[in-house]
Amino acid sequence: MILAISSIVSAAFGLLRDRLLAGNFGAGESLDVYYAAFKIPDFIYIISLSVISVNALIPFFLEKAAISSEQAKKFLDETLTFFLLTIFFLAAGAYFLIPNLAGWVAPGFSESSKNEFIFLARILLLSPIFLGLSNLVSSVIQSHNRFIIYALSPIFYNLGIIFGIIFLFPKFGLAGIVLGVAIGAVMHLAVQIPAIVKLGFFPWPAMKINVKEAWKVAKMSFPRSLGLGLNQIILIFITAAASLLSAGSIAIFNLSFNLQSVPLAVIGMSYSVAA
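To get the numbering used here, take the position in the sequence shown, counting from 1, and add 1.
Hints are not guaranteed to be accurate.
Stated by the list, open to error - In silico DSS-like cross-links for lysine-lysine, where the CA-CA straight-line distance does not exceed 25 Å:
{"hint": "1", "residue 1": "Lys74", "residue 2": "Lys217"}
{"hint": "2", "residue 1": "Lys217", "residue 2": "Lys65"}
{"hint": "3", "residue 1": "Lys75", "residue 2": "Lys213"}
{"hint": "4", "residue 1": "Lys220", "residue 2": "Lys209"}
{"hint": "5", "residue 1": "Lys75", "residue 2": "Lys172"}
{"hint": "6", "residue 1": "Lys75", "residue 2": "Lys217"}
{"hint": "7", "residue 1": "Lys65", "residue 2": "Lys209"}
{"hint": "8", "residue 1": "Lys75", "residue 2": "Lys220"}
{"hint": "9", "residue 1": "Lys74", "residue 2": "Lys220"}
{"hint": "10", "residue 1": "Lys172", "residue 2": "Lys65"}
What the hints assert, rightly or not - Restraint-style ranges between C-beta atoms, simulated for each label pair:
{"hint": "11", "residue 1": "Ala5", "residue 2": "Ala93", "range": "37 to 43 Å"}
{"hint": "12", "residue 1": "Phe120", "residue 2": "Ile59", "range": "33 to 39 Å"}
{"hint": "13", "residue 1": "Leu16", "residue 2": "Met208", "range": "41 to 47 Å"}
{"hint": "14", "residue 1": "Gly201", "residue 2": "Leu85", "range": "19 to 25 Å"}
{"hint": "15", "residue 1": "Ile235", "residue 2": "Ala67", "range": "36 to 42 Å"}
{"hint": "16", "residue 1": "Asn232", "residue 2": "Pro206", "range": "29 to 35 Å"}
{"hint": "17", "residue 1": "Gly27", "residue 2": "Ile59", "range": "38 to 44 Å"}
{"hint": "18", "residue 1": "Trp105", "residue 2": "Val212", "range": "15 to 21 Å"}
{"hint": "19", "residue 1": "Ile6", "residue 2": "Trp105", "range": "20 to 26 Å"}
{"hint": "20", "residue 1": "Lys199", "residue 2": "Phe238", "range": "41 to 47 Å"}
{"hint": "21", "residue 1": "Ile68", "residue 2": "Gly174", "range": "51 to 57 Å"}
Don't read these hints as lab results, they were simulated from the structure. Ideal placement from N, C-alpha and C gives every residue a C-beta, glycine not left out.
Please work from the sequences and hints to get the whole structure.
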């Protein structure tokens with residue numbers, strides 16, 4: 002019930018977010034650039050799920066916690082370190098490759114729109130870092146059945162974006178909105194910090210990594226990451242094709258996609274997390 006209510010609230014803020022975006026830009030080139038800029042950072046985040054997938058982390062964490070709290074904490078520290086190494090390597094590589102990838106993700110954009118796409122996508126690379134850290138923290142919180150705290154995260158994420166639209170966009174333009182996305186990602190993580198500190202499992206980088214255990218987590222995470230990754234590749238192809246159509250095509254697709262995702266978020270995710 003709690004998860005369902007929080008999902009409804011989060012969906013309501015998501016609809017408000019999209020309403021504000023559509024109201025400020027309409028279905029035009031600016032909103033096309035905004036949505037297209039997410040594709041590479043989102044793909045980076047999905048790749049990182051092979052390291053910090055909640056579905057894989059919770060069983061391993063509970064197994065270690067059954068032995069001792071120290072073992073569980075050590076596992077989290079090593080997982081955090083492995084994730085940070087992975088995500089910074091991916092983000093750094095993407096930062097330099099985005100100019101070359103722009104023509105593939107959005108071949109129909111004008112030169113000025115491609116330059117703005119590159120700028121926004123580079124800012125959005127902050128998002129998978131904080132969302133990945135949040136995913137790691139939430140695996141511990143969910144394993145202790147603290148679903149209320151976990152459920153608040155997407156609400157704060159959307160609030161960060163809404164803050165960017167209302168307060169940062171007038172001063173910084175589209176960059177202000179993606180800064181709002183980064184703020185939302187930080188808030189997604191920050192709202193869970195007090196809970197994990199109280200549980201005594203706040204992770205810190207470790208000096209050594211148990212590569213064997215990290216590989217076990219990656220193998221368990223791989224099927225889900227593969228499915229999400231293929232889905233994201235399809236969305237990138239759709240974005241590329243839509244960029245060749247009239248201005249606003251990418252925006253219309255994404256607004257429609259977000260709207261049809263609401264029932265899944267409200268019903269499907271609530272049951273899957275609680276289960």
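Straight-line alpha-carbon gap lysine 75 to lysine 213, limit 25 Å: Given pair lysine 75, lysine 213 holds - Cα atoms ~14 Å apart, limit 25 Å.
Taking only the CA atoms, is the gap from lysine 74 to lysine 220 under or equal to 25 Å? Within the cut-off at roughly 21 Å; holds.
Take a quick look at whether lysine 74 and lysine 217 sit within 25 Å of each other, Cα to Cα. holds, 17 Å
Holds or violated: lysine 220 to lysine 209, with C-alpha atoms at most 25 Å apart: holds, 20 Å
Return holds or violated for the Cβ distance of lysine 199 and phenylalanine 238 against the range 41 to 47 Å. This hint holds: roughly 44 Å between Cβ atoms.
Regarding tryptophan 105 and valine 212, is the given constraint of 15 to 21 Å on their beta-carbon distance met? 33 Å Cβ-Cβ, so the 15 to 21 Å window is violated.
Beta-carbon spacing of isoleucine 6 to tryptophan 105 - inside the hinted bounds 20 to 26 Å or not: Violated: the Cβ-Cβ distance is about 41 Å, outside 20 to 26 Å.
Starting from the range 36 to 42 Å, see whether the pair isoleucine 235 and alanine 67 falls in it by beta-carbon distance. holds, 40 Å
Hint consistency between lysine 65 and lysine 209 [alpha-carbon to alpha-carbon, up to 25 Å]: holds, 17 Å
Given pair status - lysine 220, lysine 75, alpha carbons within 25 Å: The given pair, whose Cα atoms are some 20 Å apart, holds under the 25 Å limit.
Is 41 to 47 Å right for how far apart the beta carbons of leucine 16 and methionine 208 are? holds, 46 Å
25 Å limit on alpha-carbon distance, applied to hinted pair lysine 75 and lysine 217: holds, 16 Å
Of the numbered hints stated above, those contradicted by the structure are hints 5, 10, 18 and 19, listed in ascending order.
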